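Q: These are the residues of each chain, in order.
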Amino acid sequence: MIVLLLTLWLALAAAVAWIAGGRAARAIGLGALVIGLAAAAVAFVAAPPGEGWRSADLPWIPALGARAAIEVDGLGAVLILLALAVGALAALIARGSIRTREGFFYFNLLLSIAGAVGVFGARDLAFFYVFWEVMLVPMVILIAVWGHEYRVRAAVKFFVFTQAGSLFMLAAIAALGAHHRAETGEWSFHLAEVATTAPGGYPGLFIMLGLFVGFAVKIPAFPFHTWLPDAHTQAPTAGSVVLAGLLLKGGVYGLIRFALPLFPEASLALAPIAMVLGVAGILYGAVVAFAQTDLKRLVAYTSVSHMGFALVGVYAMSELAMQGAALLLVAHAFATGGLFIVAGALDDRLGTRSLSRMGGLWAEAPRLGAAALILAAATLGLPGLANFAAEFSILFGAFGPAPAYAVAAAAGLVLSAVYALSALGRAFFGPPSRRGLRDVDPREAAALGVCAAALLALGLYPIPIMDAAAPAVSAALEPIFGAPGAAP
Amino acid sequence: MTRSDVLAVTPLLILGATPLVVILAAAARRRHGAALAIALAGLALALAALPAAAGAAPAAAGALITVDGVALSFTALLIFGAAVAALLARPYLARATARPEEYYALLGIAVAAAAALASTQHLGGLFLAVEALSVALYGLIAYTRERPASLEAGLKYLLMTGAASAVLLFGAALVYADTGGLDYAAIAERAAGAESFGAPGAAGMALILVGLGFKLSLFPFHMWVADVYQGAPAPTAAALATISKAAVAAAALRLFADTGALAHPGLGTVVAAVAVATMIAGNLLALMQMRVKRLLAYSSMAHFGFALVAVIAAGPLGLEALLYYLAAYFLMALLAFGVVSALSSRAGDADDARAFQGLCWRSPLLGLCLALALLALIGIPPTAGFLAKLYILAAGADAARYGLVVAVAATTAIGAFYYLRLLVIALARPEAGAPDARPPTGTAVLLGVLAALLVALGAVPGLLDPLLAPASDALAR
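Same order as they appear, the protein sequences are chains A and B.
Okay, so the first sequence: first residue is 1 according to the numbering used here, each after it adds one.
Okay, so the second sequence: first residue is 1 according to the numbering used here, each after it adds one.
Hints listed in this document are in silico derivations from the structure and should not be mistaken for laboratory results.
Computed from a predicted structure; not experimentally measured.
Each residue gets a CB set at the ideal place from its N, CA and C atoms; glycine is no exception.
One or more hints might be untrue.
[Said to hold, decoys possible] Reference listing, derived: stretches of chain A covered by chain B, where coverage requires no fewer than 3 residues with Cβ under 8 Å from a Cβ of chain B:
{"no.": "1", "stretch": "60–70"}
{"no.": "2", "stretch": "141–147"}
{"no.": "3", "stretch": "151–158"}
{"no.": "4", "stretch": "161–168"}
{"no.": "5", "stretch": "178–189"}
[What the hints assert, rightly or not] Computed spacing ranges between beta-carbons, pair by pair:
{"no.": "6", "chain 1": "B", "residue 1": "Gly433", "chain 2": "A", "residue 2": "Thr352", "range": "32 to 38 Å"}
{"no.": "7", "chain 1": "A", "residue 1": "Ala192", "chain 2": "B", "residue 2": "Leu475", "range": "28 to 34 Å"}
{"no.": "8", "chain 1": "A", "residue 1": "Ala24", "chain 2": "B", "residue 2": "Val460", "range": "26 to 32 Å"}
{"no.": "9", "chain 1": "A", "residue 1": "Ile35", "chain 2": "B", "residue 2": "Ala432", "range": "54 to 60 Å"}
{"no.": "10", "chain 1": "B", "residue 1": "Ala452", "chain 2": "A", "residue 2": "Ala24", "range": "21 to 27 Å"}
{"no.": "11", "chain 1": "A", "residue 1": "Pro464", "chain 2": "B", "residue 2": "Leu475", "range": "51 to 57 Å"}
{"no.": "12", "chain 1": "A", "residue 1": "Ile35", "chain 2": "B", "residue 2": "Ala452", "range": "55 to 61 Å"}
{"no.": "13", "chain 1": "A", "residue 1": "Ile35", "chain 2": "B", "residue 2": "Asp352", "range": "42 to 48 Å"}
{"no.": "14", "chain 1": "A", "residue 1": "Ala195", "chain 2": "B", "residue 2": "Gly55", "range": "43 to 49 Å"}
{"no.": "15", "chain 1": "A", "residue 1": "Arg153", "chain 2": "B", "residue 2": "Leu475", "range": "26 to 32 Å"}
{"no.": "16", "chain 1": "A", "residue 1": "Ile35", "chain 2": "B", "residue 2": "Gly462", "range": "27 to 33 Å"}
Given the sequences, and given the hints that come with them, work out the whole structure.
A: Here it is as structure tokens:
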């Protein structure tokens with residue numbers, strides 16, 4: 001119920017913001033997200049999993065057995081809170097930089113967050129797909145209208161790529177529902193019911209691949225990642241924050257929630273290939289990031305690299321690794337989101353994203369530099385910050401079942417140090433600049449402070465997140481460890 | 001004929017009488033508003049008569065017309081489409097021509113013929129209804145005869161449809177020669193008795209498919225579609241895309257399902273191949289179009305490729321999927337053509353993509369309507385377009401036609417590109433000095449209602465139940 005109320009609240013606020021326009025829209029946008037975040041936090045703390053507040057089951061398409069079924073467990077709660085928090089950060093940042101057609105901007109922002117909230121709560125596959133698409137379209141509009149110089153090309157590429165993946169996912173969902181009907185005579189798309197009749201063998205493999213393609217494009221797994229650098233670079237800062245902090249999480253979440261539990265044999269068979277793609281993403285993303293001169297594009301490629309880690313964590317078939325992947329989703333949101341805020345702040349002030357035109361900025365903007373230092377340290381995996389806890393868990397968990405992949409992935413840690421420190425150095429260190437750069441204003445400082453604080457807190461105390469994710473992780477791994485030929 | 005037979009046929013009678021009344025009234029005194037009012041009144045009366053007819057169904061009027069629940073569901077949908085087309089035509093014709101009254105008469109004939117096409121279980125009835133529909137459409141397409149493009153479009157349609165009808169008739173003759181029957185039940189009986197169609201019968205069915213395929217713009221009979229849609233006035237293009245195609249699709253479904261033709265292995269394969277080819281060709285051809293009406297023409301071709309999957313799936317789910325798909329498609333297509341019609345001027349239709357630049361900022365209402373129509377055409381939730389796609393995919397998967405399912409998914413992805421391109425043009429900055437695009441109030445209300453229905457139907461598919469009820473009742477019996 002809480003999820004439905006949240007999405008309705010955000011949709012209503014979106015409509016009001018569009019109609020109100022101008023400065024009122026900014027207040028409505030930020031206010032709605034902060035209120036939603038507070039309400040959700042209270043609700044999830046007060047109502048333990050399994051309670052009425054956390055689930056809902058309403059009829060939707062009786063003829064096809066598709067229901068509006070919601071169930072929020074620990075992982076879902078964490079990601080929903082993350083969605084609202086990232087949305088609030090984006091709204092806070094947008095206050096300073098979006099000056100035209102604000103009503104429409106906040107309409108799209110709030111709708112995208114509403115879609116994300118629904119994605120992390122839905123249990124019925126068809127209902128999940130609705131929110132999957134609702135999450136996507138407003139983001140495309142955000143990029144196309146408020147983005148930078150090649151925004152149209154980036155938005156179209158983003159949309160067509162993601163849509164193609166999603167359509168194969170829809171075909172797989174339809175096939176799964178039809179299979180359930182063939183077995184039981186009733187239509188259903190609900191996860192719990194479809195799980196009992198999910199096919200094995202070749203049909204299962206193909207359906208799982210359909211789901212995998214949809215999720216892999218979103219993650220983004222190498223080689224389906226080519227939409228991401230353009231989309232992240234050309235999006236406005238707030239758009240980049242939401243894109244990196246939120247939309248990418250849907251892919252990994254979908255794998256843990258749907259693809260693995262429904263198709264244990266097929267997932268086990270795909271695991272080596274998926275891990276190869278993950279490692280390839282880690283190494284390729286890191287190397288290409290190092291080669292960038294555009295700061296935002298550099299951060300975009302670090303996203304590819306980090307999400308490669310998450311993919312390895314999911315398919316390592318280890319509880320610790322998968323919990324690490326869940327933690328990485330949260331850590332990456334704050335680290336990369338924060339870096340996009342820094343890049344956006346520099347772009348606003350200097351009029352450029354090019355690292356070769358930056359240098360020595362620390363002298364004039366020490367607070368911005370300090371924030372960038374913390375975020376870069378998080379990105380490279382400094383112990384004490386959240387990314388380290390996540391990546392270490394993934395490597396430790398993956399080493400048992402798949403040592404070769406863990407070793408290869410660990411090389412990514414070295415490469416991430418290379419690109420993070422080199423980018424930081426090129427931007428902030430060197431001969432002091434004298435450009436009259438102004439430091440962060442209170443609004444940006446608050447946003448960056450939240451990111452840094454979250455990374456530090458989760459780095460020192462990641463247990464709550466990993467425990468919250470545990471039920472979903474064991475639900476994903478249980479069918480696999482019970483399946484024949486499973487790893488110990 | 002008993003009293004209940006007459007009751008069942010009443011909607012058809014009302015639909016048939018309406019154009020006569022329109023013509024007589026126009027002959028007495030030409031008034032645009034009166035012609036529209038009479039046409040709408042006729043449509044409303046026919047719609048009101050539907051529940052009574054549903055109670056009396058199934059019933060036959062002679063050998064040619066068989067009114068059952070399925071036919072009545074389609075008739076309701078066709079009446080809705082005709083009403084919207086007539087309302088869209090009102091401001092358009094006021095600008096474009098000095099003699100608009102006959103348009104409503106022709107539209108009335110078209111919808112009556114379309115309803116008859118959905119209500120027939122006889123090859124003779126099929127042919128007559130198709131011919132009547134075509135003749136009405138010749139006039140509707142070439143109506144703005146001062147424009148050479150319209151005349152050319154009308155002539156193209158005349159020649160193509162003439163050829164198609166000849167092929168259809170030849171096919172019907174071959175089927176008769178093989179099975180000795182002209183009504184679907186008799187054909188099914190004879191074909192089942194002889195263990196499916198012999199060579200002449202199968203060839204005849206294929207030729208009938210060719211004839212119907214022309215009107216549905218299936219591959220490879222689609223060559224006319226872009227030119228005719230481009231030349232025709234926008235409300236006629238809307239009627240072509242919705243009423244004409246839906247009626248023929250309904251007739252094709254009933255023909256192939258009720259005669260058991262799809263059970264014939266060769267025919268089944270041919271129909272599936274045509275569906276896949278239509279999806280691919282329609283989407284690829286639309287990709288290359290920069291003119292909006294041509295783009296919508298090929299998009300309509302692609303969409304009926306998708307709808308053909310529901311026809312192939314058959315069965316109760318196939319029928320429900322087809323009805324839902326057509327209802328959703330009616331809303332999308334009428335909305336899209338409605339925006340084109342609202343932007344058109346006396347000189348010509350708003351065909352160039354430049355006319356749409358910055359539409360969202362010049363007229364937020366038209367921009368929103370266009371955006372919703374395009375998103376629905378791609379198949380994005382929460383519009384009805386998404387549910388339509390889900391129904392089609394579910395029906396295809398249920399019938400174990402996985403190749404068709406994958407083809408629908410892959411070609412829809414291609415489609416996303418050209419719809420998005422138009423949406424991005426509408427979101428771009430308007431050209432300096434671009435004309436104000438705000439539509440008149442009546443059009444604005446109509447388009448707003450259509451847009452609201454499109455989203456409402458996507459969120460609550462149960463809204464369509466009153467439309468589907470006669471069909472589901474008929475199938476349950």
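Q: It remains to establish, for every hint, whether it holds in the given structure.
A: Comparing the hints with the structure gives:
Here the stretch 60–70 of chain A counts 6 residues with a CB under 8 Å from a CB of chain B, which clears the bar of 3, and the coverage holds. Beta-carbon proximity to chain B at under 8 Å applies to 3 residues in the stretch 141–147 of chain A; the threshold of 3 is reached and the given coverage holds. Residue count for the stretch 151–158 of chain A with a Cβ under 8 Å from a Cβ of chain B: 3. That meets the three needed, and the coverage hint holds. Counting residues of the stretch 161–168 of chain A whose beta carbon lies closer than 8 Å to any beta carbon of chain B gives 4, which meets the minimum of three for the stated coverage.
With 5 residues having a Cβ less than 8 Å from any Cβ of chain B, the stretch 178–189 of chain A passes the three-residue criterion, so the hint holds. For the hinted restraint 32 to 38 Å between glycine 433/B and threonine 352/A, the CB-CB distance of approximately 33 Å keeps it satisfied. Under the hint 28 to 34 Å, the C-beta atoms of alanine 192/A and leucine 475/B, about 31 Å apart, fit the expected range. Taken as a hint, the range 26 to 32 Å holds for the pair alanine 24/A and valine 460/B, whose Cβ atoms sit roughly 31 Å apart.
Checked against the hint of 54 to 60 Å, the pair isoleucine 35/A and alanine 432/B fails, with Cβ atoms roughly 41 Å apart. For alanine 452/B and alanine 24/A, the hinted distance range of 21 to 27 Å is satisfied, since their beta carbons lie about 25 Å from each other. The given range of 51 to 57 Å is respected by proline 464/A and leucine 475/B, whose C-beta atoms sit roughly 54 Å from each other. For the pair isoleucine 35/A and alanine 452/B, the beta carbons lie near 28 Å from each other, so the given range of 55 to 61 Å is not met.
At roughly 46 Å, the beta carbons of isoleucine 35/A and aspartate 352/B sit within the given window of 42 to 48 Å. In this structure the supplied range 43 to 49 Å holds for alanine 195/A paired with glycine 55/B, their Cβ-Cβ distance being about 44 Å. Look at arginine 153/A against leucine 475/B: about 49 Å separates their beta carbons, and that is not inside 26 to 32 Å. Between isoleucine 35/A and glycine 462/B the CB atoms are about 32 Å apart, so this pair conforms to the stated range of 27 to 33 Å.
Of the hints listed earlier, those the structure fails to meet are numbers 9, 12 and 15, in rising order.
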